[in-house]
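Colleague: The residues making up each chain are set out below.
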Amino acid sequence: MTFSLTMSPSDLLLLLPEILLTCWLCVVLIVDFSFPRLPKEQLAYLSIAGLVGTLGCLAWFDISGISGTLFANMFVVDRMALFFKMFVVGATILVILASMEFVHRFKFFRGEYYFLVVMSALGMMFMASANDLLSVFVTLEFSTFGFYVLVSYLREDVASNEAGLKFFILGVFAAGLLAYGISLVYGETGKLVFSDMKSAQATPGLIIGFLLIFGALGFKIGAVPFHSWIPDTYHGSPTPVTAFLSIAPKGAAFAILLRMFFVALATFKPTWVLLLVAASILSMTYGNIVAIAQKNIKRLLAYSGIAQVGNVLIGLAAGTKMGNDAILFYLLTYLFANLGAFAIVIAVSQAIGSEEIDDYSGLGRRSPFLAFSMLIFLLSLAGVPPLAGFIGKLYIFVAAIKEGLYTLITVGLINIVISMYYYLIVVKKMYITEPHDPSPLAVSGPMKAVVYIGLAGTLIIGVYPQPVIDWVVAATMMFSDLAGPAAALPTVPPVVSSGG
Amino acid sequence: MSGIELLLEYLTKYFPILLFIFVALAFGVVTLLISYLVQPKYPEPEKLSAYECGSEPFSDARMPFPVRYYIFAMLFVIFDIEVIFLYPWAVVFNDINKVSIIGLVEMLVFIALFLVAYVYAWRKGALEWD
Amino acid sequence: MEQLFFFYFAAVIAVASVLVVALRNPIYSALSLLIMFFHVAGLYVSLRAEFLAAVQVIVYAGAILVLYLFVVMLLNLKQDDRYHRQWPVAGVVGLTLAVEAVMLTLLKGRAIPPAPANTNETVEGLGNTEALGDALYSTYLFPFEVASLILLVAMIGAIILAKKDIGGSEA
Numbered sequence: 064m065t066f067s068l069t070m071s072p073s074d075l076l077l078l079l080p081e082i083l084l085t086c087w088l089c090v091v092l093i094v095d096f097s098f099p100r101l102p103k104e105q106l107a108y109l110s111i112a113g114l115v116g117t118l119g120c121l122a123w124f125d126i127s128g129i130s131g132t133l134f135a136n137m138f139v140v141d142r143m144a145l146f147f148k149m150f151v152v153g154a155t156i157l158v159i160l161a162s163m164e165f166v167h168r169f170k171f172f173r174g175e176y177y178f179l180v181v182m183s184a185l186g187m188m189f190m191a192s193a194n195d196l197l198s199v200f201v202t203l204e205f206s207t208f209g210f211y212v213l214v215s216y217l218r219e220d221v222a223s224n225e226a227g228l229k230f231f232i233l234g235v236f237a238a239g240l241l242a243y244g245i246s247l248v249y250g251e252t253g254k255l256v257f258s259d260m261k262s263a264q265a266t267p268g269l270i271i272g273f274l275l276i277f278g279a280l281g282f283k284i285g286a287v288p289f290h291s292w293i294p295d296t297y298h299g300s301p302t303p304v305t306a307f308l309s310i311a312p313k314g315a316a317f318a319i320l321l322r323m324f325f326v327a328l329a330t331f332k333p334t335w336v337l338l339l340v341a342a343s344i345l346s347m348t349y350g351n352i353v354a355i356a357q358k359n360i361k362r363l364l365a366y367s368g369i370a371q372v373g374n375v376l377i378g379l380a381a382g383t384k385m386g387n388d389a390i391l392f393y394l395l396t397y398l399f400a401n402l403g404a405f406a407i408v409i410a411v412s413q414a415i416g417s418e419e420i421d422d423y424s425g426l427g428r429r430s431p432f433l434a435f436s437m438l439i440f441l442l443s444l445a446g447v448p449p450l451a452g453f454i455g456k457l458y459i460f461v462a463a464i465k466e467g468l469y470t471l472i473t474v475g476l477i478n479i480v481i482s483m484y485y486y487l488i489v490v491k492k493m494y495i496t497e498p499h500d501p502s503p504l505a506v507s508g509p510m511k512a513v514v515y516i517g518l519a520g521t522l523i524i525g526v527y528p529q530p531v532i533d534w535v536v537a538a539t540m541m542f543s544d545l546a547g548p549a550a551a552l553p554t555v556p557p558v559v560s561s562g563g
Numbered sequence: 026m027s028g029i030e031l032l033l034e035y036l037t038k039y040f041p042i043l044l045f046i047f048v049a050l051a052f053g054v055v056t057l058l059i060s061y062l063v064q065p066k067y068p069e070p071e072k073l074s075a076y077e078c079g080s081e082p083f084s085d086a087r088m089p090f091p092v093r094y095y096i097f098a099m100l101f102v103i104f105d106i107e108v109i110f111l112y113p114w115a116v117v118f119n120d121i122n123k124v125s126i127i128g129l130v131e132m133l134v135f136i137a138l139f140l141v142a143y144v145y146a147w148r149k150g151a152l153e154w155d
Numbered sequence: 012m013e014q015l016f017f018f019y020f021a022a023v024i025a026v027a028s029v030l031v032v033a034l035r036n037p038i039y040s041a042l043s044l045l046i047m048f049f050h051v052a053g054l055y056v057s058l059r060a061e062f063l064a065a066v067q068v069i070v071y072a073g074a075i076l077v078l079y080l081f082v083v084m085l086l087n088l089k090q091d092d093r094y095h096r097q098w099p100v101a102g103v104v105g106l107t108l109a110v111e112a113v114m115l116t117l118l119k120g121r122a123i124p125p126a127p128a129n130t131n132e133t134v135e136g137l138g139n140t141e142a143l144g145d146a147l148y149s150t151y152l153f154p155f156e157v158a159s160l161i162l163l164v165a166m167i168g169a170i171i172l173a174k175k176d177i178g179g180s181e182a
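Respectively, the protein sequence lines represent chains A, B and C. Residues in the first sequence are numbered from 64 upward in steps of one, following our numbering. Residues in the second sequence are numbered from 26 upward in steps of one, following our numbering. Residues in the third sequence are numbered from 12 upward in steps of one, following our numbering.
Just so you know, these hints were derived from the structure itself, not from any lab. Treat the numbers as computed from the prediction; the structure is a model and nothing was measured. Each residue gets a CB set at the ideal place from its N, CA and C atoms; glycine is no exception. It is possible that part of the hints are untrue.
Said to hold, decoys possible - Heads up, simulated DSS-like pairs for lysine-lysine below, C-alpha to C-alpha not over 30 Å straight-line:
(1) A:261 / A:465
(2) A:358 / A:229
(3) A:254 / A:332
(4) A:492 / A:358
(5) A:511 / A:170
(6) A:103 / C:174
(7) B:123 / A:254
(8) A:229 / C:174
(9) A:229 / A:332
(10) C:174 / A:170
Stated by the list, open to error - Covered by chain A, according to a simulated footprint, are these stretches of chain C (three or more residues, beta-carbon under 8 Å):
(11) 110 to 116
(12) 148 to 156
(13) 159 to 168
Hey, can you work out the whole structure from these sequences and the hints?
Modeller: As structure tokens, then:
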């Protein structure tokens, strides 16, 4: 009677990467429980194979310009979604490589670890395509579910349990806020799809609803008023999970934030810019100042992550196409530098069993490779030329300057100086302080691969950013009608790929 | 709709449920009441003391449960939610079937994914007592 | 008449919710939660969401409450172990919600067009469950399939976190 569903094979093609990965995941799980004696490294390679296949499929979509929408606009495949999907899948591959050694610390369920990591990645791929509030809720919860388990994977470790509990309770609270916000917005407008909300009027219910939704997404990215879970959860989780948590969900959540702010709430831009400016200033300042006092490298990276999100929010506050380009670019540079830094934390922790900054003393002598890579990653995080982080920060600041956000820029520049201080403390420890124990450190093969990939990304994007800039400019073509200069960096002529 | 009409509609629609609630409540109350009324009452201090195989009660009746009860309860919730999705699908299945086979396929996908989880739980021994 | 139903259910929900936190014996708290779940189901019925009411009884009252009781018994909570120093937090959150409720009721109807969309005509003709099924398996197919993935993760996660060990057959 009223039932109608039109779907053709070509529609399903849009879902191909996700369907492939889902089937592959089921295979991984079935292999895991069918062959209990199989070494779990094989499962890691199996998962990576599936992810690489998915990455290839996504790249093919991106190059051949396949795009469209599914399920009455609820699921959208455009170049921005593809960018964030590739971002998430890439991060997942690196995380799996970085965790292959660490997994031996788990007493049980080593195979399921890989399954859950890829499952969360699948959830984040869906998030990148979510174009309505209901899909946002379902996909966000999906990706978070895997993390609830992953964070408390070290069941014998009290810190991991505490981290898991904290993350779970606050995460469920955020989910409650999200559901409440969605119900308010739906009650006021009767719409769920972002693009249908353009004509919505600013009623109190709508404002409160969107504030609640922003709160829940702010929780995901760890922006300041919603950051309280970050330090303990990052500290207590198994380190590869911390690495994963510190990068992939942020990317996926920014995909949703971009769609929400620029599609659904485009008419309220003057209002939400103020909100973002406040969140950005608070995140940068709080993260950087508290990071100075940290003695543990994971906590230091946690607070530095809060500050980095503050930087990304500058781009969002700019509210232009260029600001959005800068967000994508910045996240990509952050992916390489941050995952690289975490890979070294994992490698050092495997070798000496410590995550205290004090124990990094003399790393420059004990393992010149690790110390040098850490130096590069930290300098990139701080934004020193000619590394990728520098271009990322420059891109974001230029986008903000064009919109006249001078206060924000000033605070951002002061914060770069502060962040330089604590990054350099770690560098000083590594190169100047005498080692407690001068024996050299061993690094495993997969870990080296992650560090090399991180180094390559950080250095190549830093020296030759043009292809990546072209890519992100093309990825945000959907925002090309936004006010403001729709160009790339001033020194670089905008080249729009004709593929899309 | 006027108030009385609405009340009548509720009464006709939900009469069985109302009956259930009343019968359930009445059963509990009446059973207690009858046993209270017909019991012989000759209270003595000895008779009023707690009887536990002849010895004095020595600890709280509320003891911690073993964790394995908990895992069954959790799995039950998940199965329960799975079943919830089947109800509306079964109700509209005729409608869907007229349109295309896709209605069947979408539920098969749903169940296939769940079947993987079920076999996993089975193989890992989560459904066994020990 | 409709309002009478609403006020009855709402009042019992409010009282039962307060009892859940105020009662000192956790088992009594769980039981008053059960009363609350049933009255929420009643509220759904008065809103003509029959399917939701049934789900409320089956899932919340039937399954989730059992889980709560297991947790209470598992941890063997004594009456003294509970937290009773959360008044400031409760006050702030409660005040915020109260202000919000007042704002929503007072400012309602000033700027909004009269109740849009969600009073769907098809809902009237069809049964509630049918309308839901039609929507869920066509328009909202995507969240539905994702929900099955969530259940998959939930099941595996539950086993990983709660299972003591696994028969020793792990490599």
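Colleague: Each hint needs a verdict: does it hold in this structure or not?
Modeller: Cross-check of the supplied hints:
{"no.": "1", "hint": "A:261 / A:465", "result": "25 Å, holds"}
{"no.": "2", "hint": "A:358 / A:229", "result": "21 Å, holds"}
{"no.": "3", "hint": "A:254 / A:332", "result": "20 Å, holds"}
{"no.": "4", "hint": "A:492 / A:358", "result": "12 Å, holds"}
{"no.": "5", "hint": "A:511 / A:170", "result": "25 Å, holds"}
{"no.": "6", "hint": "A:103 / C:174", "result": "20 Å, holds"}
{"no.": "7", "hint": "B:123 / A:254", "result": "29 Å, holds"}
{"no.": "8", "hint": "A:229 / C:174", "result": "21 Å, holds"}
{"no.": "9", "hint": "A:229 / A:332", "result": "34 Å, violated"}
{"no.": "10", "hint": "C:174 / A:170", "result": "12 Å, holds"}
{"no.": "11", "hint": "110 to 116", "result": "holds (count 3)"}
{"no.": "12", "hint": "148 to 156", "result": "holds (count 7)"}
{"no.": "13", "hint": "159 to 168", "result": "holds (count 7)"}
Taken one by one, the earlier hints fail for this structure only at number 9.
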